[in-house]
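K.L.:
Just need the whole structure built from these sequences, with the hints factored in.
Number of protein chains: 2
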Amino acid sequence: MNYDQAAAREVLDGVKKSGRTALSSAEANRIADAYLIPTPREGLATTPEEAVRLANDIGYPIVMKIESSDILHKSDAGGVLTNLLDAAAVQAAYGTICDNAKSYDGNAEISGVQVQQQLAGAQEVIVGATTDPAFGKLVAFGLGGVLVEVLKDVTFRLAPTSQSQAAGMLDDIAGSAVLNGVRGSPAVDRTALASLIENVSALVADFPEISEMDLNPVLATAEGATAVDVRILCDFADAQPRYRPSQEDILSAMKRIMEPDAVAVIGASAVDGKIGNSVMRNLIDGGYAGELYPIHPKADVILDHPCYKSVVDVPGNIDIAIFCIPARFVAGVIAECGQKEISGAILIPSGFAEVGEHALQEEIVKVARENNVRLMGPNIYGFYNTHKNLCATFCTPYNEKGKVALSSQSGGVGMAIIGFSRSAKMGVSAIVGLGNKSDIDEDDLLTFFEQDPNTEVIAMHVEDLKDGRAFAEVAERVSKKKPIVMLKAGRTSSGAKAAKSHTAALAGDDRVYDAVLRQCGVIRAKTLNDMLEFARGLQVLPTPKGENVVILTGAGGSGVLLADACVDNNLSLMVMPDDLDASFKAFIPPFGASGNPVDITGGEPPSTYRSTIDLALNDERVHALILGYWHTIITPPMVFAELLGAAVEEARAKGIDKPVVVSLVGDIEIEQACEYLMDRNILAYPYTTEKPVAVLGAKYRWARSAGLL
Amino acid sequence: MNYDQAAAREVLDGVKKSGRTALSSAEANRIADAYLIPTPREGLATTPEEAVRLANDIGYPIVMKIESSDILHKSDAGGVLTNLLDAAAVQAAYGTICDNAKSYDGNAEISGVQVQQQLAGAQEVIVGATTDPAFGKLVAFGLGGVLVEVLKDVTFRLAPTSQSQAAGMLDDIAGSAVLNGVRGSPAVDRTALASLIENVSALVADFPEISEMDLNPVLATAEGATAVDVRILCDFADAQPRYRPSQEDILSAMKRIMEPDAVAVIGASAVDGKIGNSVMRNLIDGGYAGELYPIHPKADVILDHPCYKSVVDVPGNIDIAIFCIPARFVAGVIAECGQKEISGAILIPSGFAEVGEHALQEEIVKVARENNVRLMGPNIYGFYNTHKNLCATFCTPYNEKGKVALSSQSGGVGMAIIGFSRSAKMGVSAIVGLGNKSDIDEDDLLTFFEQDPNTEVIAMHVEDLKDGRAFAEVAERVSKKKPIVMLKAGRTSSGAKAAKSHTAALAGDDRVYDAVLRQCGVIRAKTLNDMLEFARGLQVLPTPKGENVVILTGAGGSGVLLADACVDNNLSLMVMPDDLDASFKAFIPPFGASGNPVDITGGEPPSTYRSTIDLALNDERVHALILGYWHTIITPPMVFAELLGAAVEEARAKGIDKPVVVSLVGDIEIEQACEYLMDRNILAYPYTTEKPVAVLGAKYRWARSAGLL
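Quick mapping for you: the protein sequence lines, in order, are chains A and B.
Sequential numbering of the first sequence, starting at 186, is according to the working numbering.
Sequential numbering of the second sequence, starting at 186, is according to the working numbering.
Bear in mind the hints are in silico, worked out from the structure with no lab data behind them.
It is possible that part of the hints are untrue.
Note that identical chains are pooled: a pair holds if it fits in a single copy or bridges any two copies.
Pairs of lysine to aspartate or glutamate, EDC-like flavour, derived with a Cα cap of 16 Å [as the list claims (entries may be wrong)]:
| hint | residue 1 | residue 2 |
| --- | --- | --- |
| 1 | K610 | E856 |
| 2 | K610 | E854 |
| 3 | K651 | D470 |
| 4 | K651 | D626 |
| 5 | K287 | D189 |
P.N.:
This is how it looks when you write it as C-alpha cells:
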C-alpha cells in the first residue's frame, strides 16, 4: 500500500516532543489521511461565524463536535450535535457545545468546534487497535453503537492483517448479518471496510508507539467506509525485545532434547522415595535404550549405572540433564551443562517464580542463555517420549505409544493426562510438563512436533502464553499440517484492567485469545475432558473429504439428540439424494424414517445395521458417519460392535477410510462394546450422544481451518 | 387492571364481521387504548392539508406512515418518513409516502397517512405476542431495531404474566444493560415498560382470537414506554379445548398406577423370549409384593401364578394392566379394564402413531376416556418403581433404590438411563417410559412425584410437550419443592415456519422452551450426559444456604479451571474474609495462595487437606465447597478419599451438611477414590474439573429459582 509513513512519523514525533500521549483530532486525522483511512470532510472552527462558513462549504446536514484534548468522551460531555440543517442551526450549535463542554469540565482547554459532513443511511461499526501483553498489536472490529459495549460483539486479529483476513473479521461477529443489509437497508461495501481495517492494522504495526486506537464510529455504507472520529493514544516507552532464537536453532536444540541419545540425571539417587531415584527407575524400567549417566557427588554406582561427580566428568556426549536437586544448586549445574554442550536442562525442582522467587528464576535463565542451554521448567514433572521409551519424569511411567503429543503448564493437569490416557488406553507420542516456562514454551514444542513423524495431533493445556505473538506465528504454520487442540485455562478471568479506550476495554483476555487462536487454526477445547477426548479422538479419526454427515440410528430418540449435537458442532447433515434415500429405504421397515437421520428403528436384526452401514461407508457422497446404537435383544451390544468392526475393516481394506463415530445407549453391556470398538480405532462412547459428535466436530473444525475442505 | 374489555370486543367483532384477520392501525390503537397500552399522539390524514393541520396540533417533530391494510412492512415500502420539522416538510412527505406505497404495491388500498408525534431520546424495544402450539399465548420482549432480528435477543413468558414476571423479562435478554442507560443515556422507566408488557399479555389472554401482536418499536424513555406501531393479527377459528382432568383425579389415578397393589399382565406368557414372559419374570424376580394376575385366553398357570382369561374374571381389585399383546387387540382389552375399574393401562405394544397408525391410537384414547382408564404409552418399555420393587417392563430389571425419578419419551434414552444408573450405581425411585404419550404425560408424572415421599429430584427427557401450558403450570408449582431437570431434545430444530409477524418468527421452538422452562423453574440439561449426571448429583447434594462458594485445591492448575467452571455456571466465589483467610494461611505453605481459590499447593501431607477442609466445612460463611485433589505420593488418592469421607461424616454428625463436590486429577488410582467417595454420598469425578462444578451449578440454579437463596 502507498502509505505516507513520513507524514505519520512527523505527526507522532510532534506529539512525543510536546510530551503528550493523546493525539488531537486534527493530528489523528492527518495520520488517518497518511494511511488511507477515509474521514469525513471537516474543518475546525474557533468562532460561530467560521463554523457557518465551513458548513456552507461542506454542505448540510452537518455534525458538530467539541475539540479538546481534555475531553475524551465527547458525547458524555454534551459536546456533539447532529443533523444540523442550516446556517442558523450551526451558529446556535457552536455556543451550545462550548457551554456544555465548560459545564462538563471547567478546566478543559477548548481548541474549537469541529464542523463535519454528516453521512446518512450508514451502518455504524467500530474499528480499533490495542496492544496486548501476549500478542502485541491487535486490530479490532465490531458493530457500533451502545450494543458493542453491552454485547461485546467484537473480534480481533494480529496486526498487520491482510485484506482477506480483515474481510473474515466481518463474518466473525455475531451480528454480522447486519452488514449484509437487513430490512431494506443495503449491504455495506465490504471491500472498503476490510481495506480500512487493513490500513489501521498496518499503521499500528508500522508505528509500535501507537498503543491504542478507536475509530468510533466508522460509518459503513454501500459506497464506502468513513471513520468519523479517530482517537489515537501513544506509549513512547521503549519496548523490550523478546528473546527469540531462530527456528533452526530451536529445532536442533528441541530434537536433541526430545529425542536424546544420552541422558544425565543430576542428583540421581539409590534411595527409594527420592525424586532422583524415581527418575532413574522410570528411565530404566521404561526401557530407555540410550546412554544413562547418574550424577552424584559421592556415589560410585546407582542402580547398576556408573556414577559421575559432574556432567563434565562424563566421557561421552550428553543431550539432556534431568535436574533432581534443590533450587539453589540449579544455576551452577546449568553452567556445567553449558560447558559439556548439553542441549537441554529438564528442571523438575520447584522453588522458583511459582513461590515468588523471581530473582532465582531470572538467574537460571541468564546462566542458561550465556551457556546456550535450553530450560524446560522449572517446577515440572518432566516429560515422556514413548517412541524413545523415555520416561524423563518422577511420575508413574507411561509407555502406550500413540500419535498425540500433550503438554501441560500445570502438574495437576499433567497427572490428569497420564491417568486419563491409562484409563482410556490412549496412546501418546509425548507428554511434556512446561511448568514455569522460564524458557521452553509451547511454540518450541510446536516447532519440534511439527516435524516429529510420531506426532499427528498436538494438545496443550495453557494458562498463559509468554509470547503469544511467537506462538501464533508457529501455530498458524503447524496447524495446517497437524491439529492443535488447546485448553486455555483462566479464560473467564475478569481481567478488569483500567483501559482508556473502548477497544482496549473490549479486549478482555479471553476474547483476544479466542479470536487469535481461531485465526491461527488452533481448536479450542472448552473443558479438560474435551481436551482429553479430542486428544484421544483426533488421532484416530481420518480427515473427512467433505461436509456431508449422515446419522444412522436404531433409536429415533438418539437420532434427535445426535442431530442437535450436529447443529451445536456446526456439522452439516447431508441432504439425502433420492437414489441413496431409496437404497436406505430398501433395508428399513416402512415406518422407519429415511432422510437424515436415517432411523432404521429399534427392532431390527444385525443384518439391517450391517446393510445400512455398508451403504453409507461405500457411497462416496457420504463423508462422515454418526451411528446411534440402541441396545436390544435382537441386536445385542457385542453383536453390533463386531458387525461394525467388520464393516469398517472391510471398507478400510478397500481404501475407504471415512470418519465413523458411535453413540451407544443401553445397559452396561454397551461399555464392553465401546471398548471393543475403541480397540479397533472406531470412536465409540456409552451413555452420551454429544461426545462422539463433539469429537467429529473438532476434526471438521481443523480440516476446515487447514484448508482441507 | 381496568381494562375496557367491551371496547376491545367491539373492535374484534367488527374485524371478524368484515372477514379480515389483520387489524388496521386505527383498530389496533383503539384496542391498545382499551388495554392501557400507551401510543403516541396521532391522527389519520387523507389529504396533505389535513396532515399539516394534524401536525400543527400534535407538535413537531413528526413521523408519517402509510396506512394500508395491504402493506404490512411499512418501512420496506418506503412508507415511513421521520424527523419532519415543519408544515412544509409534512405537506411534501404526504405525497412522497403515497407515491412510494403505490410503486411498492400498485394494488394496495391506501386509507391515508398517519401523522404521529415523534418521541426523542428513546431506546427502541419490541414487545409482542404469539400463539405457540404447545404453550398457547406467549408475550415477547426484546431490544428493537435490526439487531433483534439479527441477534434474536428476545425472551418469552406465558400470557397472562404479572408485572414482576414482566420486569424479569427486562433482565433476561443479553443486551439488558442497554435499558439501564449506557454512555450518557438515562435508564428507561422499567415499571412503565413492565406494565406495557403485562397489559399486552392480558390482552391476548383475554382475547384468544388475537393470534399475533407486534409492538415495534416501543419507545422506552426515562418517563414511560410508548408503542409507536401496533400490529394485531387474528385467528377466528374455534380452538379445540384440551383434555385435562382435575389435579385430584390425576393424582388419585397416578397413585394407583405408580404404586399398584395388584397388577395384571395382559398377554402373560410362559414362553422364554416373549415380552409377556419378560414382564412376568421382571415382576417376580424384582420382588414385587402385590397381587399378580397373568391374563391369557388359554393358559391355566403361568410362572406359578393362576391365569385368567380376562381381567373381568379376576376376583380381586386390579390397579394396572400391563399390555403385552399386539396393537390391534389393545382397544378391546382397555374396555374390559374400564369394566374392572382398572386405573391405568401400561401400553408396551408398538404399532400406533409412531408407525403412522394415528387412527388406531385415536381409537384407544377414545375407548380409554369412555372407560375412565389412563394410558401410559403406547410404544414404551414400561416403568420401574424401585421402592415398590416393581419392574413393570420387559427390559432388564433394576432395583437400586434412590431419590431421583426419571422419565423418557424415547426407549433408547430409557435404556441409557438404566445402563448409566447401573454403571454409576445411581439409586432411582422410578424410571418411566412415556413413548407416544397418547394420554399420560410429564405433567401427570410431576403431579405424582410432587407428593411421592421417595422422590426428591425429577429428571425428564422430552422431545415435545403435548400440552406445554399444563406442564408449565404444574412444573412451576412442583419445582418450588423438588428440582426438575429436563433434557429437551430437538432443541436445535430449525423450525422454519412461515410466520407473518416478527414475534412469531422470533419464537423458534427452542427459544420459547428455554424461556418458559426457566420461568417455571425447570433446570435445563444441555446434553444426555448432563441430564444423567444432574440426576445422580442433585439427589446427593444438600441445598446450599447461601451463595458463597470456596475452591480448595492442591493443584493450582485445577484451581484455575475450577474457577473458570464457576463463572460458566454462574457461581459466586466467596470474597474471603480477612480472618478466614488468615486461618487458611496458618495451614498452608507461605508460597501457597490464600484468597479464593485457596491453593494449599501440591506437596502437602494429608493433615493439610484435612485441616483446611475442616475449616471450610465448619465456617458458617462458606456455603459450598469445591475440592481440587492432585494425586501425589505424599497424599495418595485413597488417603485423600478417606480423610475427606471422615471430615464430611464428622460435619454431618454435627448437623453441618453443605454441598461438597470434588475434582480428582491423577493416575488411575483416583477412579477408586471417586468410587469410595460416591459410595459415601460425596460427589467426586475423575479427570474433569467441569463436571463437579456443573452439578453444583445445577443445584444452585434450582435453589435460586425455588426461592431458597
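K.L.:
Now, for every hint given, state plainly whether the structure supports it.
P.N.:
Outcome of the hint check:
When the C-alpha separation of K610 and E856 is checked against a cutoff of 16 Å, the pair qualifies both within a copy, at 14 Å, and between copies, at 14 Å. Taking identical chains as interchangeable, the C-alpha atoms of K610 and E854 lie at most 16 Å apart only when they sit on different chains, with a minimum of 15 Å there against 19 Å within one chain. In this homomeric assembly, K651 and D470 never come within 16 Å of each other (Cα to Cα): the closest approach is 35 Å inside a single copy and 63 Å across copies. Within a single copy, K651 and D626 get their C-alpha atoms as close as 8 Å, which meets the 16 Å cut-off; across copies the closest is 56 Å, which misses it.
Taking the shortest alpha-carbon separations for K287 and D189, neither the intra-copy value of 37 Å nor the inter-copy value of 52 Å comes in at or below 16 Å.
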